[in-house]
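S.K.: Listed below, chain by chain, are the residues.
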Amino acid sequence: MSKKEDFVKFDKVDKSYDGKILVVKDLNLDIKEGEFVTMLGPSGSGKTTCLMMLAGFETPTNGEIYLDNNPISNIPPHKRGIGMVFQNYALFPHMTVFENLAFPLRVRKISKEDIEKKVDKALAMVSLSEFGNRMPGQLSGGQQQRVAVARALVFDPSVVLMDEPLGALDKNLRESMQYEIKHIHESIGVTVVYVTHDQGEALTMSNRIAVFNDGKVQQLSSPDKLYEEPVNSFVAEFIGENNTFAGEISDISNGSCKVKLDKGEIIANPISVKSVGEKTTVSIRPERALINPKDKMDNNQKGKIEEVIYHGDHTRVRLNLLGNSEFILKVPNSSQNLDIKLGNEINIGWNSRDARALDPK
Amino acid sequence: MSSETQKILSTDGIPLEESLKKAEKKNKIKAFLLVSPLLLFLIITYIVPIADMFSRSIDDKMVTNMLPKTYKAMEQWDGKELPPEEVFEAFYLDYKILVKNKTAGKLQTQLNYEKNGFKSVLKKLARKQKKFEEGNYKEQIMKVHKRWRNVEYWRAIKRRAPAYTYSKYLKGVDMYSNEDGKIVQVAEDRRIHRILWSRTLEVAFFVTLFCFLMAYPIAHLLATLPMKYSNLLMICVLLPFWTSLLVRTASWMILLQQQGIVNDFFVWIGLVADDNRPEMMYNKTGTYVAMTQILLPFMVLPLYSVMKTISPSLMRAGKSLGATPAVAFFKVYFPLTIPGIGAGCLLVFILAIGYYITPALVGGASGTLISNQIAYHMKSTLDWSFASAMGLMLLTGVLVIYWIYNKLVGVDNIKLG
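Protein sequence lines correspond, in order, to chains A and B. Letter by letter, the first sequence follows residues 40 to 400 in the working numbering. Letter by letter, the second sequence follows residues -3 to 413 in the working numbering.
Since the hints were derived computationally from the structure, they do not count as laboratory data. Ideal Cβ positions, reconstructed from N, Cα and C, are used throughout, including at glycine. Mixed in with the good hints there might be a few duds.
Per label pair, the in silico range of CB-to-CB distance [said to hold, decoys possible]:
| no. | chain 1 | residue 1 | chain 2 | residue 2 | range |
| --- | --- | --- | --- | --- | --- |
| 1 | B | 224 | A | 118 | 29 to 39 Å |
| 2 | A | 209 | B | 247 | 52 to 62 Å |
| 3 | B | 321 | A | 163 | 54 to 64 Å |
Construct all of the structure, not just a fragment, from the sequences and the given hints.
M.R.: Pasting the structure below:
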């Protein structure tokens, strides 16, 4: 069976609540069948609104959403056949776990035996087979979340939406639930649209991530590409840690450019700059800059150590480098003896292709 | 396993249990002192009056105290034939004192309740007894009136011997114990209390129903509207609370009377003819309308407090799982509001069952309730013991309803806010 490329399609969708401010601006987004796509962004960036429009609880002000090539703006939520997992689980507190799972099947008038079979299967999938007779209030947060996931999947929906489902769980549980949801997705191949503001969660689980800001998708790509190759300074800033230099292009040629800073000059990789004189923000990941590099690197600078923070597996070093006193280095905790002491001057080197010259902030 | 478990000692060697008790004793005393004013208040204003009501409702010492010698002498009498001479003598002596003290009237009334026609017999005796000679009182009394030869009258006196009676309760349900001591119904045209009881239940039931039907959407609106509007609506709901009950009832009188605003409006829009204005007051309609309006907040508030806690995502979850809005409402939302419905219904029903002012003012003859009857006996007939008996019956009824409710819904499920 071939997977459809645009199983879920947002086509030029705008959304405004008050007629003054657009919460979602000209959104175009294609989601493949069976894909796990995460909408990631700070609060107020429009990602939850997008999810609500897909679920049918909000209507687009303009544009159309297609599900399997059918426009769905005029279809009420209960006819869309989209499963949804809510932030606060939204389990029906007056029904047992079994009844919660049977609810979507009962409203579809499925026979009793089939309901039992499907519910048992779904409960087994989230390893809660023993808990059918419990009330949701008697379950822990993680168990409730698994019931909510099972309930959203039990009626075999084509798409499952998850609205920050792990937000209320503690850190360890959140991580194990991330893997669990990822495995469930892999084993049944359902299309998942996931909303979160936790980048770690997004990077761990998704096939592709859509980074939202200001009502727009800033970048839609796979987790590794998003982290390694952010296309603008917002994405670079929002995903992972980031060292930045603000400057001006002084020379650009052959896929590399020179950026003039307040103090000194660096060589960078021109991503969203084209001509000399443009303002730019250069972004370098902390782990791409090395202390006393053995290999030859085209950027070499001297920096003064201002702060050393021990983190167990690595040490974070804050430097003053080229006038940027917030330059962070991550030094792996290895047997290698480096002279990391407060106040020392050290050599820092990085490759120009890891220094991405993006739009100015 | 040995049954003797080792006692755990606290650091200074006293058993832990003891030192815990010691430590908590102070707190317990403090807590008790804190609630004691309220406890005292409740005892004085609630427990004592109810106890007093109860003792009044069964108190029947009046006759017993007026005829002490008679009842002493009657102890031996089996009631089958006319009593012996001692009883006649004792009765003569008791009655003589009563006549002398001018309190015989009360006895005459009381015994007339027990046996019709007793009053005239006693009045005649009061006149004739002055000329009685000493000795053989049986003959002399029987000579005064031939009814004294009738054993029924003596039995009537004996029936009043106990200091306590439940006759007022029987009267409350239109029954009495007849001459043979059997409990029978009063004549059909005099069974007014049963009509009142059933009407009170009916009115309370329908007022509760109307309140529920009106309050549910209001409470839902209150719980779902944005703060800005819901506050305003809440004020509208609570506004009646800040107005005197009498004022509200009086305004309903202005609205509902035959020449009132509502009737004027009906005539104006041509719903009714001017010479055929419907009577909306001084009957059950008036009682329903006014009581529903007055008791509405008591239904809205518990419903609102429950609905406020229901997450809107539950309805969304229902819909996203494929339930139509109606199904989602009845399967998801409605069951979750049952604690509020229970609390509101119980509150309104119990308030309605004992409602007094409104039915008294707008109820007319066909809209008065049992509480109006109680007030009538308190103020007009001064039969306080009967009023007390009916009051207690009402209280018992409320407690029974509460008990049934507890069995059906469970009081733990009530949420008052």
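S.K.: Give a verdict on every hint.
M.R.: Going down the list of hints, with the structure as the test:
Evaluation of the 29 to 39 Å hint for residue 224/B and residue 118/A yields a pass: the beta carbon distance comes to about 33 Å. For the pair residue 209/A and residue 247/B, the supplied restraint of 52 to 62 Å holds, since their beta-carbon distance comes to about 58 Å. As the Cβ distance of residue 321/B to residue 163/A is approximately 32 Å, the hint placing it in 54 to 64 Å is violated.
The earlier numbered hint that this structure contradicts is number 3, and it is the only one.
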